[in-house]
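Q: Start from the sequences and build out the full structure, keeping to the hints where you can.
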Amino acid sequence: MAKITLDNVAHSYIAKPKNQADYALRLIDNIWDDGGAYALLGPSGCGKTTLLNIISGLLSPSKGRVLFDGKDVTGLPPEKRNIAQVFQFPVLYDTMSVYGNLAFPLKNRGFNKPDIEKRVLEVAQILDLTDSLNKKAASLTADAKQKISLGRGLVRSDVAAILFDEPLTVIDPHLKWQLRCKLKQVHEQLKLTLLYVTYDQVEALTFADQVIVMYEGGIVQIGTPQELFENPSHKFVGYFIGSPGMNFLPCTIEGNLAMVGDIKIKLNDQTAALGAKAKGKIELGIRPLYLEIHNTKVEGSVPAMVKSIEDQGSYKIITTILGNNNILRARLPEGKPSPSEKAWLRFSESWIRLFSDDILLKN
Amino acid sequence: MDKWKDNKAWFLVLPVFILVAFSAIIPLMTVVNYSLQDIFGPGQRVFVGIEWFEEVLSDKRLHSALGKQLIFSALVLLIEMPLGILIALMMPKKGLAASISLVLIALPLLIPWNVIGTIWIIFTRPDIGLFGAAINSLGITFDHTSSPIQAWITLMFMEVWHWTPLVVLLAYAGLRAIPEPYFQAAKIDGASTWATFWYIQLPKMRGVLTIALLLRFMDSFLIYAEPFVLTGGGPGNTTTFLSIYLVKVAVGQFDLGPAAAFSLVYFLIILLFCWIFYQVLQNVGKGEKS
Amino acid sequence: MKIRKRSLFFIIYLFLLMLPIYWMLNMSLRTNADILGSFSLYPANITFDNYIKIFTDVSWYSGYINSILYVTMNMTISLLTALPAAYAFSRYSFLGDKHMFFWLLTNRMAPAAVFLLPFFQLYSTFGLIDTHIAVALAHCLFNVPLAVWILEGFMSGVPREIDETAFIDGYKFPRFFLTIFIPQIRAGIGVTAFFCFMFSWVELLLARTLTTTNAKPIAATMTRTVSASGLDWGLLAAAGILTIVPGALVIWFVRNNLAKGFAMGRV
Numbered sequence: 001m002a003k004i005t006l007d008n009v010a011h012s013y014i015a016k017p018k019n020q021a022d023y024a025l026r027l028i029d030n031i032w033d034d035g036g037a038y039a040l041l042g043p044s045g046c047g048k049t050t051l052l053n054i055i056s057g058l059l060s061p062s063k064g065r066v067l068f069d070g071k072d073v074t075g076l077p078p079e080k081r082n083i084a085q086v087f088q089f090p091v092l093y094d095t096m097s098v099y100g101n102l103a104f105p106l107k108n109r110g111f112n113k114p115d116i117e118k119r120v121l122e123v124a125q126i127l128d129l130t131d132s133l134n135k136k137a138a139s140l141t142a143d144a145k146q147k148i149s150l151g152r153g154l155v156r157s158d159v160a161a162i163l164f165d166e167p168l169t170v171i172d173p174h175l176k177w178q179l180r181c182k183l184k185q186v187h188e189q190l191k192l193t194l195l196y197v198t199y200d201q202v203e204a205l206t207f208a209d210q211v212i213v214m215y216e217g218g219i220v221q222i223g224t225p226q227e228l229f230e231n232p233s234h235k236f237v238g239y240f241i242g243s244p245g246m247n248f249l250p251c252t253i254e255g256n257l258a259m260v261g262d263i264k265i266k267l268n269d270q271t272a273a274l275g276a277k278a279k280g281k282i283e284l285g286i287r288p289l290y291l292e293i294h295n296t297k298v299e300g301s302v303p304a305m306v307k308s309i310e311d312q313g314s315y316k317i318i319t320t321i322l323g324n325n326n327i328l329r330a331r332l333p334e335g336k337p338s339p340s341e342k343a344w345l346r347f348s349e350s351w352i353r354l355f356s357d358d359i360l361l362k363n
Numbered sequence: 364m365d366k367w368k369d370n371k372a373w374f375l376v377l378p379v380f381i382l383v384a385f386s387a388i389i390p391l392m393t394v395v396n397y398s399l400q401d402i403f404g405p406g407q408r409v410f411v412g413i414e415w416f417e418e419v420l421s422d423k424r425l426h427s428a429l430g431k432q433l434i435f436s437a438l439v440l441l442i443e444m445p446l447g448i449l450i451a452l453m454m455p456k457k458g459l460a461a462s463i464s465l466v467l468i469a470l471p472l473l474i475p476w477n478v479i480g481t482i483w484i485i486f487t488r489p490d491i492g493l494f495g496a497a498i499n500s501l502g503i504t505f506d507h508t509s510s511p512i513q514a515w516i517t518l519m520f521m522e523v524w525h526w527t528p529l530v531v532l533l534a535y536a537g538l539r540a541i542p543e544p545y546f547q548a549a550k551i552d553g554a555s556t557w558a559t560f561w562y563i564q565l566p567k568m569r570g571v572l573t574i575a576l577l578l579r580f581m582d583s584f585l586i587y588a589e590p591f592v593l594t595g596g597g598p599g600n601t602t603t604f605l606s607i608y609l610v611k612v613a614v615g616q617f618d619l620g621p622a623a624a625f626s627l628v629y630f631l632i633i634l635l636f637c638w639i640f641y642q643v644l645q646n647v648g649k650g651e652k653s
Numbered sequence: 654m655k656i657r658k659r660s661l662f663f664i665i666y667l668f669l670l671m672l673p674i675y676w677m678l679n680m681s682l683r684t685n686a687d688i689l690g691s692f693s694l695y696p697a698n699i700t701f702d703n704y705i706k707i708f709t710d711v712s713w714y715s716g717y718i719n720s721i722l723y724v725t726m727n728m729t730i731s732l733l734t735a736l737p738a739a740y741a742f743s744r745y746s747f748l749g750d751k752h753m754f755f756w757l758l759t760n761r762m763a764p765a766a767v768f769l770l771p772f773f774q775l776y777s778t779f780g781l782i783d784t785h786i787a788v789a790l791a792h793c794l795f796n797v798p799l800a801v802w803i804l805e806g807f808m809s810g811v812p813r814e815i816d817e818t819a820f821i822d823g824y825k826f827p828r829f830f831l832t833i834f835i836p837q838i839r840a841g842i843g844v845t846a847f848f849c850f851m852f853s854w855v856e857l858l859l860a861r862t863l864t865t866t867n868a869k870p871i872a873a874t875m876t877r878t879v880s881a882s883g884l885d886w887g888l889l890a891a892a893g894i895l896t897i898v899p900g901a902l903v904i905w906f907v908r909n910n911l912a913k914g915f916a917m918g919r920v
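Residue numbers (this note's numbering), protein chains in the order written: chain C, 1 to 363; chain F, 364 to 653; chain W, 654 to 920.
Derived from the structure by calculation, the hints contain no laboratory data.
Remember, predicted model here, so these are calculated numbers, not experimental data.
Stretch-level coverage of chain W by chain F, calculated; a stretch enters the list once three of its residues show a Cβ under 8 Å from a Cβ in chain F:
no.	segment
1	670 to 677
2	682 to 692
3	726 to 740
4	756 to 769
5	772 to 786
6	868 to 875
7	898 to 904
Heads up, simulated DSS-like pairs for lysine-lysine below, C-alpha to C-alpha not over 25 Å straight-line:
no.	chain 1	residue 1	chain 2	residue 2
8	C	Lys113	F	Lys550
9	F	Lys371	W	Lys825
10	W	Lys751	F	Lys366
11	F	Lys423	F	Lys611
12	F	Lys456	C	Lys16
13	C	Lys362	C	Lys277
14	F	Lys567	C	Lys136
15	C	Lys118	C	Lys135
16	W	Lys751	F	Lys368
17	C	Lys135	F	Lys567
18	C	Lys191	C	Lys118
19	F	Lys550	C	Lys80
20	W	Lys658	F	Lys457
21	F	Lys457	C	Lys16
22	C	Lys264	C	Lys279
23	F	Lys456	W	Lys658
24	C	Lys80	C	Lys63
Every residue, glycine too, gets a C-beta built ideally from N, C-alpha and C.
A: Pasting the structure below:
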């Protein structure tokens, strides 16, 4: 278990990088606490796997240092860093049994047989693999294999952190949930530092205490799932988190109103104050959840044209067009009547967020 | 996923079937035909049943050729398989160095077989060949035309030089196909170079190595041109392998009956060995597929 | 460039591998008298006479042309027939498919000597002796099974979803095969072409048996020289070197396919 520090780390895959765009990973300066469960969330190519490999030691950063518990490990290879990594597809020693696979890291480190056996049995029990110990590892299902991969990390009691690189990619959908629960259980039981890379926000938000959202090589926001949802610090976070993501309206601020063309949207005092000080391109952000949609005019609402309705079961997603061409999506809970052609949207004041040049305005 | 069941697929296979059957079945019928008859001359033949088979199977010279052939093929496999794997492990993995290496490695494979024999005749002559001259300068009189042991050694050098690249190419391919995370995981698990080879690389090469083993066995068992050019089967008949003996019988003595019977026996021996090898190699990997 | 122990061994191996070929090159650039007269590690008086003789003497260079002709024919026929067959084995299950596949492979296990006489008689009857097509067809016996074997492996690596999607999108089979499928297995075709070229180029027994003068391969011309009295080592060496050139060119052109292709296929 270790505290992981990234000190001004940056990485480029090109030998002589000339500008920002050549860097796969831009300046990262961050600390992860001991024992936490973290998710690195972001779209393909955002640098999350690069970052993971720098932490594990499979990749050496072009700039900066990596510290485990204050000790500089930047020059150390993976096996000297006491980390374990679970990959996108199960990586096993096909010729060995499950027992052999789990025992392998300990054998290589020179542990004696009784100690190895004790530890392997312990880990097998945590992962519900005890019954399969004598089976050939290659004959098990994909989710069991991933558990074995995880097990090889857990057997080493001095393991500092376990890193996961999109580990559920090859798992059947109905088994993904089970495996996720098992991971969370392991975390609670053993209190290890876990770092989980994924592009799937559901995985990230259910797995992690803290989510690190990445975009184009940089960390955009770090926070709890709730923080990311309610106060996305960057437009990308607002857009990426939530299904569907946040709605954005370009606007100008006039006193207590946000003007979208001729349409007036009321702001509360706090938001208005933030807007008054703002410079640059202003956008109003509101999550579909907080955008009330009615089929008749209510106080404080603005009219919009209904474009499409998707039934998601317990709620509906209604896509509307406000003004000339602003697309807004609203969430209509089950039971409420859905509008047909015309709808009235009311922006829940306390949930309106203003963004200036893609950055959240806040106190 | 299950394949689509459709007998109309036969149409796709038809060209291949016709081509191969045309080339294979008619000669096969001819061979079976001849093997059961005694042919004195055109139009003069007598049905003799399995007489030729009996004669062939009890032919001492055939046993001798078979024995030499088995030793030869065994040596071939024992040397070329490990050597080929070793070289493949040492080859550069990417870039221009890899391309150039591939081309150079493959060159011996592209030389016509009798040219191979010719190259080595020249190469081992003490007067005009580098190898021959080098050995001579060490004080050893080198003459593979009179010493059976030297003939064998020369043959083995030639054979290994010629065909190891096939094993190298196949093994190299198998190695390149192993996804990088396996090596990363091995590093993290603290595995030594040897452990990485034994537990990851070798098992994952099983497919290619099977092909390499089968091809090398088949071709070494059938070998004709290279040893014939180099030693002519001699000195005496110390390097007369099965194919060379077969051609001697068929062409030299022009006795088609026994030759045909011999051919069939020859073919069946290879079939048997290949089948055994294949089964063993498949079973080694049983349980690996999930 | 780092020279590690492993690279060193490899370079030594390459050096040893190239030695006999270098020796041939050495001799090809000297006259026969020079070769027999003095032993020398490199050609002191370089002469291109041997090569000139080969390029100008029809009985020599026709050998190369013949070989190139029938090998190219063989490659084309093998690939054209093997592609649909391999597709069938890869995608379909049909009556006798497994047996057929195995039977194809067994054709490679038969000694070529077995086929000498039957082939000779067969092709005689059709009047095809001493033609390029005869050798090309004869070599198909060995190359087509191999081609089907290799191609099937590569094709099985391509998910069937691609086929199904194309058919749903309205592609007729020929168009699908040519525009979608073949590009996917491009590397496999490169590998197969390489192996077909290789086995057909180097095979001597059948090629010599089925030809007399018009379609005689270069390798046979060389043996003719050897059995004649008075061996001209320089000439022989030059001829030998020239037999390597087409092969080297083939590998160079498919080298990218080889590396990639091997990695993707059944191997």
